[in-house]
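Chemist: Make a model of the complete structure from these sequences and hints.
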Amino acid sequence: MVAAESVRVVRCGGSELSFRRAAFSADSKYIFCVSGDFVKVHSTATEECVHILQGHRNLVTGIQLNPNNHLQLYSCSFDGTIKLWDYIDGILIKTFTVGHKLHALFTLACAEDSVFVIINKDKPDVFQLVSVKLPKSSSQEIEAKELSFVLDYINQSPKCIAFGNEGEYVAAVRDFYLSVYFFKKKTTSRFTLSSSKNKKHAKNNFTCVACHPKEDCIATGHKDGKIRLWRNFDDDKKYTYTCLHWHHDMVMDLAFSVTGTSLLSGGRESVLVEWRDATEKNKEFLPRLGATIEHISVSPAGDLFCTSHSDNKIIIIHRNLEASAVIQGLVKDSNIFTGLMIDPRTKALVLNGKPGHLQFYSLQHDKQLYNLDIIQQEYINDYGLIQIELTKAAFGRYGNWLATVEQRQEKETELESQMKLWVYDKKTQGFVLNTKINMPHEDHITALCFCNAEKFENPTLVTASKDGHFKVWILTDDSDIYKKAVGWTCDFVGSYHKYQATNCCFSEDGSLLAVSFEEIVTIWDSETWELKCTFCQRAGNIRHLCFGRLTCSKYLLGATENGILCCWNLLSCALEWSAKLTIRVMEPDPCSENIAAVSQSSAGSDLFVFKPSEPRPLYIQKNISREEVQWGVFVPRDVPESFTSEAYQWLNRSQFYFLTKSQSLLTFSTKSPEEKLTPTSKQLLAEESLPTTPFYFILGKHRQQQDKKINEALESELVQLPLTENIPAISELLHTPAHVLPSASFLCSKFVNSLLLSKETKSGEEILEDVDMEEEKESGDDSDEEHDFTENTQDTNDTELGEDIIHQLSKSEEKELRKFRKVDYSWITVL
Amino acid sequence: MGEFKVHRVRFFNYIPSGIRCVAYNNQSNRLAVSRTDGTVEIYNLSANYFQEKVGCEDGSVKLFQITPDKIQFERNFDRQKSRILSLCWHPSGTHVAAGSIDYISVFDVKSGSAVHKMLVDRQYMGVSKRKCIIWGVAFLSDGTVISVDSAGKVQFWDSATGTLVKNHLIANADVQSIAVSDQEDSFVVGTAEGTVFHFQLVSVTSNSSEKQWVRTKPFQHHTHDVRAVAHSPTALISGGTDTHLVIRPLMEKVEVKNYDAALRKITFPHRRLISCSKKRQLLLFQFTHHLELWRLGSTVATGKNGDTLPLSRNADHLLHLKTKGPENIICSCISPCGSWIAYSTTSRFFLYRLNYEHDNISLQRVSKMPAFLRSALQILFSEDSTKLFVASNQGSLHVIRLLEGSFKHLHTFQPQSGTVESMCLLAVSPDGNWLASSGTSAGVHVYNIKHLKLHCTVPSYNFPVTALAIAPNTNNLVIAHSDQQVFEYSIPDKQYTEWSRTIQKQGFHYLWLQRDTPITHISFHPKRPMHILLHDAYMFCIIDKSLPLPNDKTLLYNPLPPTKESDVIRRRTAHAFKISKIYKPLLFMDLLDERTLVAVERPLDDIIAQLPPPIKKKKFGT
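Chains C and H, in that order, give the protein sequences. Using UniProt numbering, you'd call the opening residue of the first sequence number 1 and step up by one each time. Using UniProt numbering, you'd call the opening residue of the second sequence number 1 and step up by one each time.
Keep in mind that the hints were calculated from the coordinates and are not lab data. Please note: incorrect hints may appear among the correct ones.
[As the list claims (entries may be wrong)] In silico DSSO-like cross-links for lysine-lysine, where the CA-CA straight-line distance does not exceed 30 Å:
no., chain 1, residue 1, chain 2, residue 2
1, H, K553, C, K223
2, H, K618, C, K226
3, H, K553, C, K226
4, H, K387, C, K283
5, H, K217, H, K617
6, H, K166, C, K283
7, H, K5, C, K281
Modeler: The following block contains the structure:
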């Protein structure tokens with residue numbers, strides 16, 4: 001590695017999938033969704049991510065199919081560019097630089113060379129809809145500066161703009177009015193709803209708009225849950241509207257079906273409503289979708305719908321209102337109480353998910369693995385209801401045990417709290433509830449930790465609470481006569497002068513337990529549960545507490561509220577060093593002695609990495625985030641990196657992830673941005689008709705191998721007849737239009753020749769061609785360069801039409817050809 | 001304003017009858033409303049929606065069913081098995097659509113045969129109901145038949161092919177009425193849930209000629225069945241079991257956004273149902289088929305302003321007088337002395353003599369009424385109860401002298417030559433010299449009783465008169481019109497008074513002109529000649545002619561001036577109109593003596609409580 005590398009803070013997935021409406025491909029095989037700076041292409045049948053379109057340098061704010069070529073996709077971003085992609089191959093075709101921050105993108109079939117975007121030009125709050133002329137040019141980077149203004153003072157959300165009647169008019173809503181601009185007449189009609197303060201009209205605000213695909217009808221959604229269908233809006237006086245009312249809260253999005261016979265609406269009720277014939281009495285529901293519906297989109301083929309939800313998921317719904325697939329990202333809906341954890345078994349990131357659930361999120365694949373329902377109660381979504389919150393969770397050694405704490409406090413004195421212990425069941429590959437403890441403490445539980453030392457065969461759990469006690473829970477035989485069932489019981493209750501217990505922590509070997517009581521840290525022997533010693537620094541309540549690891553296991557670290565970081569030596573029972581640092585997050589690295597601490601100052605958050613043995617930090621990164629960092633965690637790497645530079649050695653064995661207040665998951669990376677942007681694996685779809693799934697790759701290879709075996713067996717027995725489609729003469733015969741073919745008598749001899757078997761040796765090119773054909777079938781991950789090459793060879797082959805092709809390869813020849821495969825033919829594309 | 005002791009009367013158990021039918025005439029801009037008790041009311045929509053006439057038919061109005069038998073004398077239509085509930089002619093008169101139970105038939109008028117029989121789906125929200133009753137049909141000139149039925153559907157049929165074109169399920173209950181506009185570009189239906197739906201014919205796209213019917217706006221102004229709807233060029237009119245007549249203007253058809261564009265809800269009749277005997281403190285209540293006589297309660301207690309005084313004697317129900325036969329009472333009156341009661345039905349006139357002996361009363365009918373006193377529109381006794389004035393429905397005015405137990409016909413004022421309009425409002429001066437009478441549109445005539453001749457005619461005004469009264473001493477005639485204008489006319493001088501000219505010059509306050517119920521009664525304070533007392537259904541007003549008139553900038557409805565303010569401010573903010581809105585809905589208010597008022601209220605909740613329960617609807621969040 002070069003020494004010039006630098007560590008950067010990068011966003012690492014978990015981006016919002018529901019930021020904008022998703023889009024479908026023309027054949028409904030793929031669904032496109034925005035994901036931070038990327039556009040993700042998923043298969044609608046398998047939910048699997050097929051491609052990640054990378055190239056934008058800021059949030060992607062809009063995606064639309066190219067109406068003139070349904071194999072291409074437009075995307076726009078805050079970075080001021082519109083990019084045109086070939087989504088099947090995941091290739092960027094063109095980049096149009098507009099220059100302004102683009103907030104949304106609209107394409108129209110009738111406006112061939114221009115698209116519509118929302119920009120804000122002068123004032124920060126004034127948004128305009130403009131049409132951008134996309135110049136025709138062969139170069140990849142094109143400046144598109146020709147903007148023409150359409151509508152001013154609009155809402156920035158793309159839900160508030162809709163084009164109707166094949167681009168005859170555009171409807172925009174904002175606050176209490178609907179404006180309709182007619183492109184032909186160049187006039188704007190504006191319809192205003194009553195906005196008086198009285199109760200009946202106070203929530204008349206428009207929230208979204210959709211246009212009927214066939215008729216002059218505009219549907220608008222409102223804050224009070226009403227849907228209005230506007231007609232006759234080309235007449236300022238004779239306009240009229242109908243109300244549809246089912247939603248009790250704001251209508252979040254509306255969409256017409258392709259034929260316009262039904263209208264879809266969704267909102268906070270998490271119910272997709274289909275209004276058939278736009279009548280109030282004729283409606284169908286798809287309930288229990290889990291979270292607020294943010295966006296609804298309809299596939300151009302009309303067979304699929306999809307809803308984007310506030311819990312970062314996209315549900316693909318069949319035309320008959322059956323959910324067929326779920327694309328789930330990192331849930332960022334609720335407050336994170338549990339912090340970030342790593343499931344030792346799956347190496348997944350674990351944190352609060354949707355209400356009452358713990359989510360397991362795969363950092364490598366940027367997708368949610370599964371949800372564990374902890375609270376196991378129906379979630380009622382209503383403003384002002386006090387919900388049961390999942391506040392704490394901890395994993396035991398090897399991920400065999402999971403402890404969770406949930407609580408609900410309606411009034412000061414009425415606390416409901418439950419601790420649940422879950423055991424990992426190998427059969428079902430999931431966590432099963434083992435013990436449920438009602439009111440484990442009299443007051444809030446502040447900390448929870450397992451003893452993870454090897455020597456303890458009995459799992460031990462410690463909880464600390466505001467009621468001044470800490471409790472030790474151990475796994476014992478349950479009151480079962482067969483002594484088969486096991487459960488958790490309280491083994492020891494400790495307290496210190498009725499101070500509130502705020503933190504607890506086991507040492508690495510499990511011999512000591514540190515419990516902090518407000519300003520005082522107490523050390524307990526975990527064998528006998530007797531108090532060994534206390535530390536007190538009188539510098540405010542202890543906020544974080546952790547033992548050093550490996551060579552530093554004799555140290556105990558504590559961070560206080562008043563901004564002091566203390567390090568005590570457990571052997572001498574004295575303060576080793578202290579530093580003035582307001583610490584928000586302190587996380588030990590499980591693979592090394594390092595401890596990462598994130599401090600908060602007015603300028604931003606800073607990261608310090610240090611070893612407890614020395615007060616000098618190993619590494620400092622200033623200003624990692626403008627926001628407050630709420631949680632952090634070290635994730636062990638699968639393959640250790642080898643940074644030689646001393647400053648980055650702490651990143652060798654594990655990676656540090658942290659979560660800011662606005663719930664963006666960030667990490668540190670040494671790769672340069674360009675390096676990161678190059679696609680890691682360029683996948684070419686072997687066959688368009690087959691969905692690319694892991695199953696396909698496995699089965700496809702397997703079948704190829706089988707085929708090969710059969711081929712080999714056949715080779716020894718008889719001469720193999722070429723497949724008809726492999727014979728150029730026949731394929732030419734079949735593919736050439738009938739009216740340009742020469743007479744049959746002329747072709748006859750060629751045709752018969754082509755069916756004859758020849759024993760001549762083949763030219764190199766022919767062999768090449770054969771192999772390539774085989775290879776293409778064999779491995780689905782051929783690069784497209786190779787694909788290009790195949791075509792080239794075919795071209796040359798076609799010129800020697802009369803020659804016959806039989807492949808009979810000896811083993812040595814085959815080996816030789818395999819070498820050929822490894823040669824890079826990408827230079828051909830350059831030609 | 002002065003302080004009064006107020007009898008707050010709430011024992012008038014008047015319930016307006018439900019509306020059965022409404023019909024709108026485009027040429028005269030008038031609306032006819034028939035009620036379930038057989039009353040027909042005609043409203044003049046151009047005169048501020050004033051109710052002009054009340055007619056009563058013999059007995060009750062039958063449900064307008066035209067069975068094939070009725071047209072039989074002309075043409076024998078094919079016999080139908082079940083009864084026909086609704087009927088509509090094609091505008092060209094060649095076909096008739098008839099709604100029956102479970103099917104609609106289209107008849108050819110020439111041949112008399114049924115061209116099509118269109119079966120209506122009985123299914124109701126997936127459940128098969130027993131019968132589907134076609135409550136209404138409409139036949140459009142393009143051959144479309146629109147039907148409304150008991151399953152809550154509005155259906156469009158093609159009468160040429162007899163096929164269903166479109167179906168709108170709009171209600172969970174019956175759709176009971178339909179009315180199409182003259183242009184056939186919009187229609188209105190009323191449902192049993194009290195909702196009125198508006199349907200409009202709109203073009204599918206702006207550049208195509210294809211049009212479709214779309215349900216646009218629902219209106220929920222009723223609590224009960226909407227039994228009848230009408231469609232005027234500018235408004236939707238609906239009425240039903242809950243007795244309200246609702247006129248909802250169509251905003252897109254209204255040229256100027258003035259007060260005419262506001263919703264009107266007419267609940268109470270624009271006429272007096274109560275008369276009062278000041279001397280004996282009696283109230284006579286007029287119901288459809290009976291009269292009730294009540295004596296007001298009394299108190300000996302005194303209290304501060306705003307106190308409710310305890311009654312020392314409760315109000316007494318003295319008399320319950322039932323009419324003979326099925327006819328409705330048109331008008332009634334009790335004499336100021338309390339010893340005469342007169343009432344009239346559509347065909348007969350009744351006069352009773354009341355005798356009081358301590359607490360007992362005896363009733364004696366005055367028999368042998370003259371033949372010309374057959375039917376009266378208005379009855380009035382003179383202040384000294386010696387004369388009876390009867391306005392007949394032929395337009396003549398009869399003056400009758402009352403003697404102890406008998407009567408004598410004095411004179412009959414014949415209507416002005418060329419007019420057949422009947423008089424419906426009468427007023428007599430307290431000194432008994434003058435009689436003013438007014439019809440619905442022509443001017444007010446003043447007669448001299450002593451000389452039994454026409455004294456003068458007040459110049460006619462465009463809007464009908466809603467109330468009349470002659471002031472004591474000055475003999476000024478005060479006239480209230482349906483456009484809320486008030487005139488004062490001096491009978492001796494035969495001209496408008498100075499005050500009346502001043503107020504006409506300055507104009508009334510805009511809020512005064514925007515009230516939507518007419519003034520139904522005017523009275524005067526015997527000791528304060530400058531005061532005029534008048535009321536409509538929602539306010540009671542004393543006009544003090546000595547105070548300056550309010551202009552549009554001043555507060556019209558100023559509450560009682562706060563006593564803590566200095567006299568200067570109170571004098572500066574004071575203006576001629578003192579309005580009290582304590583009592584509402586106010587049906588009657590009169591001055592019993594100098595310090596006592598009687599107010600008759602009829603709270604709307606009491607009326608609703610007496611109606612049959614409405615169709616229960618699930619309301620979200622309950």
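Chemist: Where does the structure disagree with the numbered hints, that is, which hint numbers, in rising order?
Modeler: Numbers 1, 3, 4 and 7, in rising order.
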